[in-house]
Amino acid sequence: MLQKVDDTAPILRINNIEVIYNHVVLVLKGVSLTVPRGGIVAILGANGAGKTTTLKAVSNLLKAERGEVTKGDIQFEGNEIQELSPSDLVKRGCIQVMEGRHCFGHLTIEENLMTGAYTRSDGRAKIQDDLEMVYTYFPRLKERRKSLAGYTSGGEQQMCAIGRALMSRPSTILLDEPSMGLAPQLVEEIFEIVKSLNSNEGVSFLLAEQNTNIALKYATYGYILESGRIVLDGKADELRENEDVKEFYLGVGGEGRKSFRDVKHYKRRKRWLS
Amino acid sequence: MSTQFLNFIEIFINGLMAGIMYSLVALGFVLIFKASGIFNFAQGVMALFAALTLVGLQTGQVPFSHLINAIFGTDIHDWGPGLPTFLAILLTLVVMIALAWLLEKFVLNHLINQEPIILFMATIGLAYFLEGFGDLMWGSDVKTLDVGLPSGGSFWWEDVTRTWAPEDADYWGMYIDKLDISATIIAVILVTALSLFSQYTATGRALRAVADDHQAALSVGISLRKIWVIVWSIAGFVALVAGIMWGSKSGVQFSLSLIALKALPVLILGGFTSIPGAIVGGLIIGVGEKLAEAYIGPMVGGAIENWFAYVVALAFLLFRPQGLFGDRIIERI
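Chains as they are written, first to last, in the numbering used here: chain A, 749 to 1022; chain B, 74 to 406.
Please note that the accuracy of each hint is not assured.
[Unchecked claim] Derived pair list, reagent style DSSO-like, types lysine-lysine, alpha-carbon separation capped at 30 angstroms:
#	chain 1	residue 1	chain 2	residue 2
1	A	K819	B	K178
2	A	K839	B	K178
3	B	K299	A	K894
4	A	K839	A	K811
5	A	K894	A	K874
6	B	K216	A	K811
7	B	K251	B	K216
8	B	K299	A	K874
9	A	K965	A	K890
[Claimed, not checked] Selected chain B positions facing chain A (Cβ under 7 angstroms, derived; list incomplete):
#	residue
10	A279
11	D286
12	L291
13	G294
14	I295
15	V385
[Stated by the list, open to error] Anything over 12 angstroms on all C-beta distances counts as not near chain B; from chain A, calculated:
#	residue
16	E766
17	I768
18	S944
19	V993
Keep in mind the hints are simulated off the structure, nothing from the lab.
C-beta: ideal position from N, C-alpha, C; glycine also.
Based on the sequences and whatever the hints tell you, model everything.
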């Protein structure tokens, strides 16, 4: 499972960022993380912990929601990127797949994929090649290429959203909650594709996921986020063995059945974590 | 054919032609509404402004001449014989594109993420601004616009249709305005070009993507600001075409901006998000108006034409609010 990653030159580095929405709501309170080149890094945590905000801070989609990075900095390929527009970032190879798929419902699957190539200027032939590449990873999309995306299933839409991002030839994909609302089998299928994209195409992934179990199975490194702070981080297999993670996130608390005493214990530890 | 039937055909055809003129205005609304969710109250005024600018350039009027004369006590009106029609149209188009660019830079860009109602208010403001600005620039007198399109009744058609009536009937043939025929041809070309553009080019695809989901469009690297400039430029172009047709028909004057009101029932009928809807909606309203005037009008003392469209629109709002061709809301549960 562990992949050889070049730790010396991270592709993405987030340095102690603070994010405020609407000038008042403090959502991230100093988050730092690194994505090594060719790595799959997972941000884990419950609802409202700030996973999506972290990804949007990188892709600069925050500004469209009146959010703002007020402290810290974000470096992609060694350059600060806070001043870039989402469009510039996509051109540089960093693209976000948003939570909830967000396919263009009234466009066909193939048109959806083609919008991903909007920022490219390397010619029709290469874009066509990449379309074929996407279809080899997602054969289901090829079957449904002429259907309106709005009428396809949740799994197909998730594939379409990832495929659309691939069409921009990214070096890094920010993948937000790919498992949302999908059957466990499909989740597995999608993560398998993520893994093969990672190893075959060399795409780095920063993914936000509530499904800790599956995320730690496929990621190389994980960060656990709680109310806007990173409370724990480590290699994926170490995190999987960590007692706290097991208890809070994987639901396999080691010490047998829970008694009232354990609940208090849980709360105490929870306090320690945050 | 009996004269009654021939009369019916004449009314029907004239209704279609009037409808095309409504469609031209409605089209501009649909384009902007689809791409940015803004109901552009200023579409009618944009048509007026385009027509004013075209006449001004064509006749060689000095812009702001009234203002200049008032301030400096001079007496200038024209700078020369004016530009050839083709050049004037081209220059007006440049003005409309510049307008779209300025609008994005100074208004829309500052209203990103605002409620639709706020953007709507901004377009009301724009409507009044443009109206005043147009007056200031070119004067408020009624102008005639002649871009060389054929006008007047078609004698050929009158002669042809006269032979369709029985020999002994007192029938003089159908009246069809040549200007309406040109409007129809231009509208067909315009709509074909627009749908080809939105269906088969990368920019067109991006326009549709933005219309579907702003956020997702942003996330794949489509620049909303660029798209908005493009959309408002196209809407400006459509306004120019509408301005030319309506201006040639009824003169360039303030009331031209009120044709926007006629576009409303068309939009409600055809759906705010459908280009074919705008066309078919316009045709139905045009035909409906003329037929109602001719056949129901006499029973109620006439003047149905003025309100018939709105009653149809009301009925549609009650029974089919998304219009005939409006996007059905695709919702997954």
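Under the constraints set out in the numbered hints, which ones does this structure not fulfil? Violated hints (numbers, rising): 6 and 15; every other hint is consistent with the structure.
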